[in-house]
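**Q** Below are the chains, spelled out letter by letter.
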Amino acid sequence: MKVKKILAMAISMVMCAAMFAGCGDTEGGSDNGGKSAKSGTKDNGGADNDGGEDEGGDTGAADDGELITVGIINNDPNESGYRTANDKDLKATFCEENGFKADFYYSLKNDEQITAAQKFIQDEVDYLLLSAADTAGWDTVLQDAQDAGVRVILFDRTIDADESLYEASIVSDMAKEGQTAVDWLKGQGLSDYKIIHLQGVMGSAAQKGRSQALTDTAASDGWEIVEEQTAEWNAEKAQQIVQSVIDSGKDFNVIYAENDDMAKGAVAALDKANISHGVGKDVIVMGFDCNQWALKELLDGNWNYDGQCNPFQSSYIKDIIDKLENDETLSEKTIIMDEKGFDATTITQEDVDNYGI
Amino acid sequence: MAKNNAQPQKAGIAGLFRHQIMIPIAALLLLVLFNLIADPSFFKITLGNNSDGNPVLSGYLITIIDSGSELAILALGMTLVTAASGGQDISVGAGIAIAGSVLLRVLCGTETSPETLHAPVIVAFLVSCLVAMLFGAFNGSLVAFFKIQPMIATLILFTAGRSIAAWINNNQLPNVNERSFSYYGTYIPGIPIPTPFFIALACFLVTWLLLRFTTLGLYVQSVGINEKTSRLNGLNPELIKLLTYILLGLCVAIAALIKVSRLSTINYSVIAKDIEMDAILAVALGGNALGGGKFSMSSSVLGAYVIQFLTTTLYKFQVKADALPAYKAVVVIILVVMSAPAVREKFSILIKKLRSDKTAAQNS
Chain A
1 MKVKKILAMA ISMVMCAAMF AGCGDTEGGS DNGGKSAKSG TKDNGGADND GGEDEGGDTG
61 AADDGELITV GIINNDPNES GYRTANDKDL KATFCEENGF KADFYYSLKN DEQITAAQKF
121 IQDEVDYLLL SAADTAGWDT VLQDAQDAGV RVILFDRTID ADESLYEASI VSDMAKEGQT
181 AVDWLKGQGL SDYKIIHLQG VMGSAAQKGR SQALTDTAAS DGWEIVEEQT AEWNAEKAQQ
241 IVQSVIDSGK DFNVIYAEND DMAKGAVAAL DKANISHGVG KDVIVMGFDC NQWALKELLD
301 GNWNYDGQCN PFQSSYIKDI IDKLENDETL SEKTIIMDEK GFDATTITQE DVDNYGI
Chain B
1 MAKNNAQPQK AGIAGLFRHQ IMIPIAALLL LVLFNLIADP SFFKITLGNN SDGNPVLSGY
61 LITIIDSGSE LAILALGMTL VTAASGGQDI SVGAGIAIAG SVLLRVLCGT ETSPETLHAP
121 VIVAFLVSCL VAMLFGAFNG SLVAFFKIQP MIATLILFTA GRSIAAWINN NQLPNVNERS
181 FSYYGTYIPG IPIPTPFFIA LACFLVTWLL LRFTTLGLYV QSVGINEKTS RLNGLNPELI
241 KLLTYILLGL CVAIAALIKV SRLSTINYSV IAKDIEMDAI LAVALGGNAL GGGKFSMSSS
301 VLGAYVIQFL TTTLYKFQVK ADALPAYKAV VVIILVVMSA PAVREKFSIL IKKLRSDKTA
361 AQNS
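Chains as they are written, first to last, in the UniProt record's numbering: chain A, 1 to 357; chain B, 1 to 364.
Since the hints were made in silico from the structure, they are not lab data.
Hints are not guaranteed to be accurate.
[Stated by the list, open to error] Derived DMTMM-like pairs (lysine to aspartate or glutamate); straight-line CA-CA distance at most 20 Å:
no.	chain 1	residue 1	chain 2	residue 2
1	B	LYS346	B	ASP357
2	B	LYS316	A	GLU332
3	A	LYS296	B	ASP357
4	B	LYS320	A	GLU224
5	B	LYS44	A	ASP251
6	A	LYS176	A	ASP322
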């Protein structure tokens, strides 16, 4: 019986592994075909979607010396549209045509990322680009990097480590995103503000930053928060929450959703109850992240505002690397990216194409 | 695997049924009573128009029968799986992501927002049914033939499912612009009652007929109660377990159609998140033994709507959404503790003692 059980476990594990491998291969394949951004990937430490089967394919070993080698540790591109856009952007910039030889590693787990970082350090990459899954636990490995002469640049996420351990950190300022949105809302000059506030997963950086601005302004300007709930970035939950407010018969005229999905869920509930929304209508709809479909909603006048969370960090990173290569000093450690807020009355098709993710 | 479904008292099927459906009914009455006292307007239903100008009913009760429908459909399949294999499938949420992804993949092709659908909805739905049943068969064969604990076996898809769903659509989040696609998750023009409720009702009726006019229910119960005995009686327990998982797969595909249709899009990382726990809770709330054996379909379905009732009530009272699982946990604790053999024994001893005290008092 026991032997049978063990056998069964082993077989199911193999099946499971095969499934993952299947996924990985196909994704890798499409990556290579679609973007041709892979420049001779060596070994990504068995990442689930490394796409690195074409070992030493088109990269001549001779020109290795001239290329700048970078090791990029990122979160899983499947995580969200933001991450997918971010990954695409990095792959497009750090390609051979631009003089880079990039290795990618993806994981949502901090310890796996740290192991990958150690491997990159052993491989003596010139630069280590890092979007950490967790803020803690990076001190030792970054010290190792410094000792080995590997320069570290953080992007998208900050970590709890001494500033001297990395060259620069390129981040979004979520509080600023929130403030931009709230300032826009203030500019609408409504006679009274009755707001449904749909929050992201509580405690996440995006939720904290985007909530804080609204909470502060609501307190100082006497705006009424009709409902403040976390829908956990989830459209269905947002729909249920807004439905609940509508069922209770409470009055509201603004929906402040901390991402596009939740705004979409809210709008579904509004449509059902025949409450008009959008430019010049009863309810103002605000979202974040600038998904392409969301910007289209803006263009059609169904929503009013969408705040950007900029996933295109690669140009900033490239600037920094160029400067460091020319032995220039960086003026600041923490670089905050420009982030826009789109108004439905001024948005153009060009914006949708350029900024939609 | 131990099956602790030996019912101590042979009260007859009718008696047991009455006993079992009492649990969700009691829970429902409790919630109704609470809402009546707290705010009777909870039960108000009004007829209005939606933004397309079609008549729709609205009110908390309508929201409950609307949003609880996917859960009720899943509870049907989950009850069968629980009864036959003495365990639960925790991959239904991931399964919905996969089935929904397949549905949109067929409808949209590789475009993210096509002007016209690439295939009729019915074709896409049938394909997604096929895929979901295939994944059900995968779970089922692990459980039936490899004798793996159901929760461990389905843990595989629970972990991998959403990644598979993402891969099916190349990480895109397709949007369906076709109006008629949203009918399945919202309203059919002219009918003011939400469509999901009708779909759930149809599923329930079909299941009821299936159990009423075939021996499936009997076979499932006997396999769940004692696998060896049912084999000796000429049943094939493996096949029956496999069948229940495939049926659950079908339920998953139907629930996925509703979920995807609600917003005409999918977000595979959050769609139907944690719904597996609610589905299992519905089965437990229906008074079904989670160790397999006897089951009551109507209790499970009622259990599902009671859970949605609880959720909607909590939303009404502005309980934080991330605190909801804590309230559900309280329900689980009560249910689990009440059905634990040790507690039951203590209870029966206590009752006996009270009775003997009474008779002793009368005698003296």
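**Q** Decide, hint by hint, whether the structure agrees.
**A** Okay, the hints, checked on the actual structure:
At most 20 Å may separate the alpha-carbon atoms for a hinted pair to count; LYS346/B and ASP357/B meet this at roughly 16 Å. Restraint check: the Cα-Cα separation between LYS316/B and GLU332/A comes to about 49 Å, which exceeds 20 Å; the hinted pair is violated. A threshold of 20 Å between alpha carbons decides the hint, and for LYS296/A with ASP357/B the separation of about 76 Å lies outside it, so the pair is violated. With a C-alpha separation of about 18 Å, the suggested pairing of LYS320/B with GLU224/A holds against the 20 Å cut-off.
Restraint check for LYS44/B and ASP251/A: the C-alpha separation of about 17 Å stays at or below 20 Å, so the hint holds. Between LYS176/A and ASP322/A the CA atoms are separated by roughly 28 Å; this puts the pair beyond 20 Å, and the hint is violated.
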